[in-house]
Amino acid sequence: MGDAMAEIERLREQFIAAFEAGESPNPREFLTQLEGADQRELEALLDAYLAQAPRRRFDAQAFAASPARALVDDLDQSLSGVAGAWPVVLPRLRNAARLRRGDLVARLAEALVVTGREAKVERYYHEMEQGLLPPAGVSDRVLDALASLLHTTRERLREAGASPAAGGAVPHAALFARTAAPTDDELAAMASAPASAPEPEARDEVDELFLGG
Amino acid sequence: MAFRKRSEHELNALSDDELIAYIRDARVEGALAEGRLALQVLVFGHWDLVTARLRMKLPAHAVEDTAGEVIASAITSSFAGESIGQFKSWLNTIMHRKIVDFYRERERTIDAEPLGSEHDDRPSLQPLSPDDAGYVETQLVIESVLGELRDDHRRVVEIIVFQARSADDACAEVDGMTPDNAYQIVRRFRQRLRAALEGDNG
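Respectively, the protein sequence lines represent chains V and Y.
For the first sequence, numbering that gives the first Met the number 0 assigns the number 0 to the initial residue and increments by one for each residue that follows.
For the second sequence, numbering that gives the first Met the number 0 assigns the number 0 to the initial residue and increments by one for each residue that follows.
Note that these hints are calculated values from the structure, not bench results.
One or more hints might be untrue.
As the list claims (entries may be wrong) - Stretch-level coverage of chain V by chain Y, calculated; a stretch enters the list once three of its residues show a Cβ under 8 Å from a Cβ in chain Y:
(1) 18-30
(2) 83-97
(3) 146-155
(4) 201-210
Claimed, not checked - Examples of chain Y residues lying across from chain V (beta carbon under 10 Å, computed):
(5) G67
(6) T137
(7) Q138
(8) V140
(9) A163
(10) V173
(11) D174
(12) G175
(13) E197
(14) G198
Every residue, glycine too, gets a C-beta built ideally from N, C-alpha and C.
In isolation and in its complexed conformation, chain V is listed as follows (with noise of 0.2 Å):
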């Protein structure tokens, strides 16, 4: 026992080290040099220290090739929108899944029998990835079968679109900040765009879906 108690500690310490020396060590690595109790043990030291480090300290340019980068900018998307973390979780759903957002479209159509409208179906999805559409519009039938598709559970997916309170969104005087003041021609543009705008669609089952809860 003193001899695999030695072997745990040189491992353990080894991992410790790398970890604070900023690399990121794959702790299987170290947990396959082991068997039975002795790969436990090492298992539940190694999870201790985790759960308690610190965080890291920020570093832009190992941020700029961390996988970390990407899911800043789908949380930001996720903290801007009404949805919760479906900016997150979705597309990563539909990537494990080996599914394109058409082919998830025309699929999910097709479990909606909506086929032939799809072109709506896919933009309620797209604002569903995107953190636009509220969630507690979205009916069950439409979670059941992304949960199909994506092989999860609609409470999955309803847990994931819990949404930030308000003092999470950003304001609408800050979102429109981000942009460029508007040109005379466009604020033109805006003024007369009520009379021509097209009448507005009739609602259909597909909106019922999506937005009728």
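Based on these hints, arrange chain Y on the given structure of chain V.
Below, chain Y alone, put in the same frame as chain V:
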């Protein structure tokens, strides 16, 4: 109180909960670039910790997506006010739940798919804890063994074993502790942990 822009150096020094409050304030004030930098500090700071822990529990192909979901859920929940303070313990709770969910979903998927299907990309190395029960058990064993210790001994174990700091640090923080005592406490903890992991709870 008016929002005050902070440097990267200052952001690194903030706690997780202070960072979240800063991000929220920045967004409310329309200081989007400042809020984004703080979000980068928070996400980058936890990314390697979360992925390393998940690598011990999940097959390789599931690690990064699950890590993204864990961190995103913890941050969006904190924004929604569902978790007041203690971002890190909330992150731990969510991570545990996602691990449990992963194995439940995998069980369902494996039941539904024939063996050897093209989607069966599980790694040759199986998860070390083959189900959520194994993960929960390991956590409970650690808590149980720690719970048997006096407060000062528990603190010594936390400092030396879990925080990977020196016996000198433990002596500096715990009144009356000597390096020899600290070494003995850690040694006894490790022996007890080992016995508990082997199923000897006596």
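Results for each hint:
1. Counting residues of the segment 18-30 of chain V whose beta carbon lies closer than 8 Å to any beta carbon of chain Y gives 8, which meets the minimum of three for the stated coverage.
2. Using a Cβ-Cβ cut-off of 8 Å, 8 residues of the segment 83-97 of chain V lie near chain Y, which meets the minimum of three, so the contact claim holds.
3. Here the segment 146-155 of chain V counts 4 residues with a CB under 8 Å from a CB of chain Y, which clears the bar of 3, and the coverage holds.
4. By the rule of at least three residues with a Cβ nearer than 8 Å to a Cβ of chain Y, the coverage given for the segment 201-210 of chain V is violated, with 0 such residues.
5. With its C-beta approaching chain V no nearer than about 5 Å, Y:G67 sits inside the 10 Å limit, and its interface hint holds.
6. The interface hint given for Y:T137 is met, as the beta carbon of that residue sits about 5 Å from the closest beta carbon of chain V, less than 10 Å.
7. Interface hint at Y:Q138: satisfied, since its Cβ lies 8 Å from the closest Cβ of chain V, which is below the 10 Å cut-off.
8. Taking 10 Å as the C-beta cut-off, the interface hint given for Y:V140 holds, the closest approach to chain V being about 7 Å.
9. Given hint, Y:A163 at the interface with chain V, holds; its Cβ is 5 Å from that chain's nearest Cβ, closer than 10 Å.
10. Hint status for Y:V173 relative to chain V: violated, with the closest Cβ pair at about 16 Å, above 10 Å.
11. With 10 Å as the threshold, the beta carbon of Y:D174 stays out of range of chain V, its nearest partner Cβ sitting at about 22 Å, so the hint is violated.
12. Annotation: Y:G175 was flagged as interfacial toward chain V, and the flag is violated, the nearest CB pair being 24 Å apart, outside 10 Å.
13. About 5 Å separates the beta-carbon of Y:E197 from the nearest beta-carbon of chain V, less than 10 Å, and the hint is met.
14. Nearest Cβ of chain V to the Cβ of Y:G198: about 9 Å, under the 10 Å cut. The hint holds.
In this structure, the hints that do not hold are numbers 4, 10, 11 and 12, in rising order.
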